[in-house]
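Protein sequences, first through last, are from chains A and B. Quick note on numbering that gives the first Met the number 0: the first sequence kicks off at 0 and runs consecutively. Quick note on numbering that gives the first Met the number 0: the second sequence kicks off at 0 and runs consecutively.
No wet-lab data here; the hints were simulated from the structure. C-beta: ideal position from N, C-alpha, C; glycine also. Check each hint, because a few of them may be wrong.
Take a look, some chain B residues computed to stay more than 10 angstroms from chain A by CB distance [said to hold, decoys possible]:
| id | residue |
| --- | --- |
| 1 | E40 |
| 2 | G108 |
| 3 | E230 |
| 4 | L233 |
| 5 | R263 |
| 6 | G313 |
Covered, in the sense of this in silico footprint (three residues per stretch, anywhere, with C-beta under 8 angstroms from a C-beta of chain B), are these stretches of chain A [claimed, not checked]:
| id | region |
| --- | --- |
| 7 | 3-12 |
| 8 | 23-31 |
| 9 | 64-74 |
| 10 | 213-225 |
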Amino acid sequence: MKILLIEDEPGLQSAVQHYLTREGYTVTTVDTYRQAAEKVHDYDYDCLIVDLMLPDGNGLNLVRELKKQQSTVGIIVVTAKDALSDKLTGLDAGADDYLTKPFHLSELNARLRSVLRRRLFGGQATIQAGELTLWPDQQRVSIHDTDIKLTGKEYEILLFFIANADRLLSKSAIAEHVWGDAMDMADLHEFLYTHVKNLRRKLVAAGCPDYIQNRYGAGYIFSTRP
Amino acid sequence: MISLFSQTARNLLLTALAIALIGSLGFYTLIHRTIRHEVDEILEAQISQTERQLQHQLPALLAGRNDNPRIMLTSEVVRPTFSDSTLIDSLNDQQPIPIRQLKKTVSVGNQLYLMTAQLPYYEFNELAREMSVGVILGFLILMGLSVTIGLSMSRRLWRPFHATVELLGDFRLDQPVNPVLPASRIREFSRLNHSLNELMQKLRRQFSLQKQFTENASHELQTPLAVATAELDLLMQSEQLTEQDHDHLQRATTAISRLSQLNRSLLLLTQVENDQFSDDAPLDISTLLQQYVGEYAPFFEHKQLTFRASIADGVWLRINRQLAGVLLTNLLKNAVRHGRAGGEVMVELTAATLVISNSGEVLPFPADTLFNRFVKDPARPDSTGLGLALVKQICDRYGLLLTYTYDVVTSRHSFRIDLVPQAV
């Protein structure tokens with residue numbers, strides 16, 4: 000999977016590149032609007048990660064340009080502004096998703112997977128994770144052809160785990176993904192613990208190996224490797 | 000505090016009274032003295048006329064004339080003296096009447112005579128009194144008129160000043176336009192208005208710069224925060240970390256989460272202040288509240304809060320959708336966060352009011368600071384202290400009246416919003 004990362008902040012650029020490369024993506028980075036336009040013109044990418052505020056232009060114009068050319072590339076917009084109008088403009092221009100700084104790398108990764116899945120398989124694809132099979136657009140999960148009944152939030156947590164398999168996920172990253180800023184972080188950690196406990200219990204009860212491990216109280220790792 | 004107007008009136012009246020008092024005394028004395036002078040001249044004339052009569056006529060004639068002036072033989076010379084005394088009026092009820100008399104010795108031939116001439120004052124005194132009263136009355140009327148006219152004129156002259164003060168009282172820095180101060184033909188007032196206009200413009204410019212700064216600062220903070228978050232995420236993936244390292248990492252991650260949440264709230268707060276949410280539209284508050292209550296129900300449950308909601312259908316409010324969301328979720332968040340575990344949370348929406356209440360201990364700080372920024376429960380240092388400030392700011396933005404009450408008997412905190420906007 001080829002990703003073009005358009006980000007002018009070197010610190011963020013290298014961290015994102017590092018993380019996504021380890022996830023198995025081929026990541027090309029540019030830091031100006033002009034370079035980005037050239038790259039997009041010359042090469043094919045599966046997904047673009049675009050910072051809206053670039054030193055020589057607004058990333059939104061690039062999104063509009065691509066949509067005008069009926070490009071099928073996936074686009075995730077990243078911005079430091081989080082006013083609702085900015086978000087709507089971004090999505091209206093044709094972006095697939097929208098992230099506000101600061102964000103967790105695991106969050107970006109999960110969004111990226113979801114965008115790619117929708118782009119490449121029209122959302123029909125199933126996800127295989129160990130013995131689990133997931134239909135992300137139907138909120139359905141099964142093991143050995145038996146459906147497991149999960150609540151909406153438990154399903155979201157499971158999907159987030161699978162998107163970031165074999166990575167240590169901080170409790171903050173998971174909680175933010177599932178609940179946004181509905182609650183303050185301190186209240187969420189405890190709440191998350193209950194949800195993960197229930198999820199594990201349901202999976203194990205359905206005959207699934209315990210893929211979710213608590214690591215030093217720092218967070219959780221989902222791993223299907225023995 | 001006494002007004003300039005009544006102070007002027009008081010001063011004018013007191014001065015007028017003092018002048019009238021001193022003036023009338025002085026006037027009375029003056030008239031009295033003039034009259035006495037006239038009387039003295041008459042007395043002297045009488046004496047010298049009698050003296051002339053004495054020289055031409057025989058002293059034998061003396062017996063036949065009336066006794067004014069009285070003439071007596073005397074052997075010693077006295078200086079002519081004037082004196083005041085009283086005489087009993089035999090004709091008029093024995094009333095004492097003030098008189099003036101002159102004693103003088105004259106020599107006719109070789110004989111010395113002592114002459115005493117007397118003249119009653121009464122005509123003159125009456126005249127003096129009447130003149131004085133007339134003059135004083137005239138004076139008082141004049142004074143009264145000038146005070147009245149002066150005051151009514153000054154009242155009219157000061158009108159533009161009072162209008163200016165009134166407008167200044169309503170002045171708010173976050174108003175979109177300066178109030179128009181009334182024009183005045185008086186130079187002082189027009190200078191005052193001019194200076195005030197300049198002052199207001201300067202303040203407003205300063206204020207908007209300040210707000211702009213806060214917003215820019217918040218924006219600029221997002222990127223370094225994003226870098227820090229990403230770097231910590233990467234670091235966490237390292238295989239070489241000990242449990243203790245993870246502990247430190249987690250604390251750093253939590254702190255950065257808090258910082259970015261704080262920053263987001265601060266940004267939102269300034270954006271509301273800067274009026275950057277202009278796309279107001281009629282919004283179905285009932286449906287929105289139902290939706291949020293549904294979202295927060297798991298949190299209530301988790302904290303074993305008994306939750307009761309009574310939400311009327313079809314309550315509409317003209318408000319920006321995002322701000323309505325922030326308003327409702329912040330109040331619900333507050334109820335979950337500070338509600339006593341095992342206590343009760345109540346949400347009540349009617350066409351006129353929204354009340355969200357929770358049971359809990361009395362506030363550890365004065366209630367009137369509750370909506371101030373960064374005011375928080377010392378027992379919960381991880382709050383941003385901005386949630387309720389945002390609620391207040393949004394209510395102010397839409398002219399909604401927000402009140403907080405604490406019922407000691409049921410130990411219940413209530414937040415009430417009147418959904419009928421007051422004049423903004």
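Hints versus structure:
| no. | hint | in the structure |
| --- | --- | --- |
| 1 | E40 | 105 angstroms, holds |
| 2 | G108 | 131 angstroms, holds |
| 3 | E230 | 6 angstroms, violated |
| 4 | L233 | 6 angstroms, violated |
| 5 | R263 | 7 angstroms, violated |
| 6 | G313 | 25 angstroms, holds |
| 7 | 3-12 | holds (count 3) |
| 8 | 23-31 | violated (count 0) |
| 9 | 64-74 | violated (count 0) |
| 10 | 213-225 | holds (count 5) |
Checked against the numbered hints above, the structure violates hints 3, 4, 5, 8, 9; every other hint is satisfied.
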